[in-house]
Structure formats: C-alpha cells, structure tokens
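**Q** One letter stands for each residue in the lines below.
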Amino acid sequence: MTVKKIDLNTSILANNEMWAKRNRELFDAEGIFAVNLMSSPGSGKTTILEKSLDYLTPQLKLGIIVGDIATTEDANRLKGQGAPVVQINTHGACHLDAQMISGALSSFNLKELDLLIVENVGNLVCPADFSFGEDLKVAVLSTPEGNDKVRKYPEMFRKSHAVLINKIDLISFVDFDLNRVEEDLKNLGSRAEIFPMAAKTGQGVDVWCQWLIRQVRKTG
Amino acid sequence: MHETALMYDILRTLEASAEENNIEEITELKLVIGSLSSILPDALRFAFDSFKGSPPLAKDAVLEIEERKPEALCKSCGCSFTIEDPWKFFCPQCGGADIKIDGGEELYIEYYKGRERTVDSKEN
Chain A
927 MTVKKIDLNT SILANNEMWA KRNRELFDAE GIFAVNLMSS PGSGKTTILE
977 KSLDYLTPQL KLGIIVGDIA TTEDANRLKG QGAPVVQINT HGACHLDAQM
1027 ISGALSSFNL KELDLLIVEN VGNLVCPADF SFGEDLKVAV LSTPEGNDKV
1077 RKYPEMFRKS HAVLINKIDL ISFVDFDLNR VEEDLKNLGS RAEIFPMAAK
1127 TGQGVDVWCQ WLIRQVRKTG
Chain B
294 MHETALMYDI LRTLEASAEE NNIEEITELK LVIGSLSSIL PDALRFAFDS
344 FKGSPPLAKD AVLEIEERKP EALCKSCGCS FTIEDPWKFF CPQCGGADIK
394 IDGGEELYIE YYKGRERTVD SKEN
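If you read the protein sequences in the order shown, they are chains A and B. Numbers in the working numbering are just positions in the first sequence, counted from 1, shifted up by 926. Numbers in the working numbering are just positions in the second sequence, counted from 1, shifted up by 293.
Heads up, a few of these hints could be off.
[As the list claims (entries may be wrong)] Think about it this way: if two alpha-carbon atoms lie no more than 25 Å apart in a straight line, the pair counts; the simulated DSS-like pairs of lysine-lysine are:
hint	chain 1	residue 1	chain 2	residue 2
1	A	K1085	B	K352
2	A	K1075	A	K1037
3	B	K381	B	K393
4	B	K368	A	K1112
5	A	K930	B	K323
6	A	K930	B	K352
7	A	K1126	A	K1144
8	A	K1037	A	K987
9	A	K931	B	K323
10	B	K345	A	K930
11	B	K381	B	K368
12	B	K323	B	K381
13	B	K345	B	K393
14	B	K345	B	K362
15	B	K406	A	K1085
16	B	K393	B	K352
17	A	K931	B	K406
18	B	K352	B	K323
19	B	K393	A	K1085
20	A	K931	B	K345
21	B	K352	A	K1078
22	A	K1112	A	K987
23	B	K323	A	K1112
24	B	K345	A	K1112
25	B	K406	A	K1078
26	A	K1075	B	K352
27	B	K381	A	K1085
28	A	K1075	B	K323
29	A	K1085	A	K947
30	B	K406	A	K930
31	A	K947	A	K1144
32	B	K362	A	K1078
33	B	K352	A	K931
34	A	K987	A	K1126
35	B	K362	B	K393
36	B	K352	A	K1112
[Claimed, not checked] Covered by chain B, per the in silico footprint, the following chain A stretches (three or more residues, Cβ under 8 Å):
hint	segment
37	931–943
38	965–972
39	1050–1058
No lab work stands behind these hints, which were simulated from the structure alone. For every residue, glycine included, the Cβ atom is placed at its ideal position computed from N, Cα and C.
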C-alpha cells in the first residue's frame, strides 16, 4: 500500500474565514459598520450597551446581537430601546463564530442598519481568534477584575481598537491602577483608545459613544 | 477551550481532501500553530488522539505540531528578535515599540500523509 503526501496549506479556521468574508461583503454592500464587543463575564457589556443606546439611537440606526451560552436575559434587557436585538445561544460554545453571526443577520432588515454591535460570549480568550467580519474589536475591562488582565490575556487586548475601562467609580475600592493598563497596552504595541467609564451611573459613556459615532461616519 | 471542535473541523477538511485524492486513511498530520493564537497544542493533541481510529484517521495516525513565535524587527535600532512573551511587543535592545512583526498567528494544516485506496479496499 502506498503512502501519499498531500500539501494542503489550508487554514484551520478556513470555515470561519469563509463566513467572515461573506458577512464582510454583506456589511459593505449594505453600508453597515460592525463592532465586536468582547470581555470576561460580568464586566458590564450589557449595561454599557443599555446606556450607549441612549446616545447612539438618536443618531444611528442600530442592530444588536447578544451571545450567551444560555438564556435570553441579555436580549430581554436590551429590548424596547429603539434597536432590534437578536439573542444567540451557543449551548456551551465559548465564542460566537462568523457562521452564527451570518445566521443571526437574517433576522434584521439590513437596509435599515448603520451600526451592528455584537456582544460576544463573556470570555477573554477564544473570541479573539474568531472574527466575524467586523470593523472594530472593542474590549471591556472592569476595575474589579484587576489591572493585570491586559498582560495576562494579551491577544484580545492587542487586537482591540478600543478598550473600555468600566466600573471606574469602584477604582478606589479595588486597587486598580489605570497607568498599569496603559503601560501594558503600550507594551503590546496597541494604539487602542482607552475610555474610562461607569456604565451604571452613565459616567464617561458619552465620550465613548461620540468616538464610536465618529468611527461609523468616517467609513460611511 | 474549543480545540476539540477545531480538530473536528480539521478532520472534515481532511476527509474531503482524502476523498479527492483517493486516500483511504490518514497516517500523519502536520499543523502549524502560532504562539499568538489561543489554540493550545496539547489540547489539539488530546482531541486528535480521541479521534484516532475513526475515519479519516488511521489507528496509528501521528500528529506533528510546529509552534511558531512571532519574529520582530525594531524600526528604531534595526535589532531583530523573537517575541518570546506575548505581552512584550517591544525591542529588548532599545525599548522601542515601533516594530514590524512577522508571523505568530499561523493556524494551518501544512500537509498530511495517507494510505492510498486500492481497488480491493474500494470494493470492500
């Protein structure tokens, strides 16, 4: 029996890349700016979205996709705020992939959207590897998580275009050094914009939203 | 965290390619994994071992993983270096952060080897 060698040189993520390209083409065709919002569980992604919608919806037509392993709690929190919301349950998977996003896109009237924000599954590791065709990656880090997360989970932060430092109102209780985060980002070669905020009280949310609106208008 | 699912995808890619190339079972697989990906080689090996013996993998299939670290060139002082730690993207010589990075994010199947299907085995 002969043994044959086949040089494949095929990406392991070829399937995801194919779906991401398809999504990207759709976003371009429909003029949609897409954001991948990533963080660990409990950092405040949904609260940031809730508060951001107040600033964003008067200026842009938004669509939201929220990803969780289970439940529709996040979607329920965001509904009724002027933007259609689609919940994806990954049933155990640790990240949203491009094919899941593609499936969720069919629930929107894409012609009516300027901005799509995808709240990824809470996880600082895996979502960094799976693009879905987005324009921006945005990472959230909340102060109670500690200021060592950037260097401990470097890939997510290195790839992010903006870092939202949430729960800044708790900084004096949790021993969080913002300078350390800035230093770590610099050491990653990151040029990410840093937005300190307290989504719960609304502090700083306006600055982040104004920046995001500028990014959308720049490309649109 | 998702290495088993990735290995499953890899095997589906291999299955399709093996079919096209008239290969009955795969005996060797070579993957290249960059150190900047979140993919753990050991977890991939574990998944590979658990799929051994079921098509398209032969019972005695071997997995080779080449791990690659990013290579960098400092634009300030010209120093070439390997990024050993994924949180240190700066020049070890001058501390410059303006660096050109090459590689480290590879995630691909380089090649595989397999036993060719004979006329007899086709009939069986």
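**Q** To test your reading of the hints: which numbers does this structure violate?
**A** Violated hints: 1, 2, 7, 12, 13, 14, 15, 16, 21, 22, 23, 24, 25, 26, 28, 36, 38; rest satisfied.
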